[in-house]
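Colleague: Starting from the structure of chain A, add chain B where the hints point.
Heads up: the protein sequence lines correspond to chains A and B, in order.
Quick note on my numbering: the first sequence kicks off at 1 and runs consecutively.
Quick note on my numbering: the second sequence kicks off at 428 and runs consecutively.
By construction, these hints were calculated from the structure, which means they are not laboratory data.
Where is the CB? At the ideal position from N, CA and C, for every residue including glycine.
Check before you lean on any hint, since a few could be wrong.
To be verified - Restraint ranges, calculated between C-beta atoms of paired labels, are given here:
1. A/His55 / B/Asp490: 33 to 39 Å
2. A/Pro273 / B/Asn442: 43 to 49 Å
3. B/Cys515 / A/Glu234: 28 to 34 Å
4. B/Ala546 / A/Leu321: 50 to 56 Å
Stated by the list, open to error - Covered stretches of chain A (in silico footprint by chain B; criterion: 3 or more residues with CB under 8 Å from a CB of chain B, positions within the stretch not fixed):
5. 48-54
6. 262-276
2 protein chains.
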Amino acid sequence: MALFIQKFGGTSVGNVERIRRIAERIERTHRDGHQVVVVVSAMSGETDRLMRLAHDVTPQPDDRELAVLLSSGERVAIALLAMRLRGCGINARSFTGRQVGIVTNSSHTRARIAKVTAAPVRQALADGVLPIVAGFQGVNAQSEVTTLGRGGSDLTAVALAAALKASRCVIFTDVDGVFTADPGVVPSARRIPTLSYEAMLELASLGAKVLQARSVEFAARYNVPVEVRSTFQEGAGTLVTHEDADMEQAAVSGVTGDRNQAKITVVGVPDRPGIAAHVLGAMADAAVVVDMIIQNVSHGGQFTDISFTVPRNDLARALPLVERTADTIGAKTVEVREDIAKVSLVGVGMQSHSGVASKMFRTLSGESINIMMISTSEIKISCVLDERDCDKAVRALHAGFGLDRRPDAGDETGRPAPPARKARRPA
Amino acid sequence: MALFIQKFGGTSVGNVERIRRIAERIERTHRDGHQVVVVVSAMSGETDRLMRLAHDVTPQPDDRELAVLLSSGERVAIALLAMRLRGCGINARSFTGRQVGIVTNSSHTRARIAKVTAAPVRQALADGVLPIVAGFQGVNAQSEVTTLGRGGSDLTAVALAAALKASRCVIFTDVDGVFTADPGVVPSARRIPTLSYEAMLELASLGAKVLQARSVEFAARYNVPVEVRSTFQEGAGTLVTHEDADMEQAAVSGVTGDRNQAKITVVGVPDRPGIAAHVLGAMADAAVVVDMIIQNVSHGGQFTDISFTVPRNDLARALPLVERTADTIGAKTVEVREDIAKVSLVGVGMQSHSGVASKMFRTLSGESINIMMISTSEIKISCVLDERDCDKAVRALHAGFGLDRRPDAGDETGRPAPPARKARRPA
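Pulled out of the complex, with its shape left as it was, chain A reads as follows:
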């Protein structure tokens, strides 16, 4: 008898008909003799509706009250799903974040999980009860409601899986799994059957919106096997696990294109030590995540340029700070480009395959695509380029690295899932 966490997102519980369908799916796993703990999000649209109400009531809603407000959405979902299952003769019971023992820090709307006791859920399982848990919510040390930020239900599911040592955390969503590229851009994109946490993390933070990045970090840390699969389609999804020693890696797992990028260049900075720290410190203070950073070698030893990228929707907040800092350090001017995109190759196999970078540049050059910035990590190469070239670059790289070959034609990504868990312990 295995223990599965099954997480259903907002579209999966979006209306009464869908709640009935996922109840059937849960019932099937239950009748197969497995233990199941279900995590649900609010019905789709509900969080947005509550947000609108809050902003209609007052321009800057208080964070503590926002958490109380938004957490009500998941309460509705757990109660409806639990009563449906009970109506089908299953001994289901709803649990709020507090009842499950998800204890967080006090950041009311972007809380971080400090502890998951899960004792009541463990007891419920021992009593033959099927727990239906509210995602996205917890309580702080003062027993006040907190929420985990957008996509936080994934995190609830993974954290519960870690606490309960579940065999697998299954994230049901409206796509079949993680793909080698966005199928909307690259029609020949394939579902990736298995993926390492590291690669998934890069894909998640690079704009593949399947799994919340924090939940992948959490899964990696506690070695929780996570499967992403479709709610309403049968068939396998993508299994995300720790990289096995004997797991042959594809050089490249996938290609992403991310348009949520803006590039800021501080031009003509008198070149002396600490300049970059000065500019980027201002960004850190304002909680703007800076991604790629390039400082040009100064010619003639007098002036230098610093370029970096920020999320495009943080630009309005970042720019005045940069301009103030540029004044302070005596820079000539500040330039901004919003019409850029970041295209990335991700794959754990890059570590051992040489020549991936040079092949990437060659492929882009073959399409006459100009590269503005480059950054590399052990499992990722990213290029900033003109936004107009984004889709063309993704398609060219997808084809160039053979990602649209059939699995049965010898692609290593087509191999079956590795055995479930390794014994790595929580940090």
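Modeller: Leaving out everything else, chain B in the frame of chain A:
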């Protein structure tokens, strides 16, 4: 500095505009230097919406899950109101039923309050915080959510007022107060300025839908002065307090007409002791509230008839049980009348004014209205009559007992409110 509980019902928080308006009203009391604890219901329509969802999901929703579902409505309301007040610079903070310490028994959807600790609210008040409390909800000993039944927010407000020894519990609603009769039936009906708990209780349970009956009982028991007044109109309401020794009472405070009545007669019962207990015991087992009971004196000593009234919407449940019992005890037949109504005179002053009953019968007879059943208590006289005569009877009695006279014409009900509280302690 006085402490007021202010309770706002669903229509008072029915939309964003109304939430802003009641926030202004709360702010005014707060700025006047008083302490305020606010209790709110779910936005109007929300409880019905959630109930519909539940019944769409499964025909017989589980009570425990129903409580989780319905309690989400009040959470939305407290969060929105608290964030509005915070936006206006008031240090407001929302409290759920659990956070306030409203502990109930385990009847999930009709829970009875066992204990109100109110410690967090007391602490909040000491810290200068304005608490916004979710009505209608509590937790049982297992820390599971429970709800107090329809109208339960009144009970939350009164229970908090008792626990905090508030100067007054103000119930804001969509009417100006308690009237001598339904103004829709009797246009000359007047607002009653002050009323005893006992009279209010009779009026509440007789169909004046202003205050939930259980909350009046609670207020009487803990001697909480309750004021019913309009949310959106200025001006006095009705103050409900303990009857003062020096409080001159009107003979009659009000007239009610209640159409939610059905009359069952068990005809031709062999007359022997214990027959009434047999018939009414079946009703009690089925939790049907039996109101008026008449057993005719048996003529000839052999057979008797037993008539009683039940709420009309319980008739379908009651009738088969009565018919089974009638068979068992050898009754001839069972007769049912649904087209009846109960018209009642209520007034604490009846105790000391003789002749009220005979004047009531004379008044009805003067209108050629036939009386089917009569029951009396110390502060109430009720007559069952044909439903078609209901409004006519209410109007005739309202006029006959001088209830539509102006207060300044010498009616005792027009006297000002008595001093706030007496020292009677909780039982």
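Colleague: With reference to the structure, classify each hint as holding or not holding.
Modeller: Against the structure, the hints come out as follows:
no. : hint                            : verdict
1   : A/His55 / B/Asp490: 33 to 39 Å  : holds (35 Å)
2   : A/Pro273 / B/Asn442: 43 to 49 Å : violated (59 Å)
3   : B/Cys515 / A/Glu234: 28 to 34 Å : violated (54 Å)
4   : B/Ala546 / A/Leu321: 50 to 56 Å : violated (45 Å)
5   : 48-54                           : holds (count 3)
6   : 262-276                         : violated (count 0)
Hint compliance for this structure: hints 2, 3, 4 and 6 are broken, all remaining hints hold.
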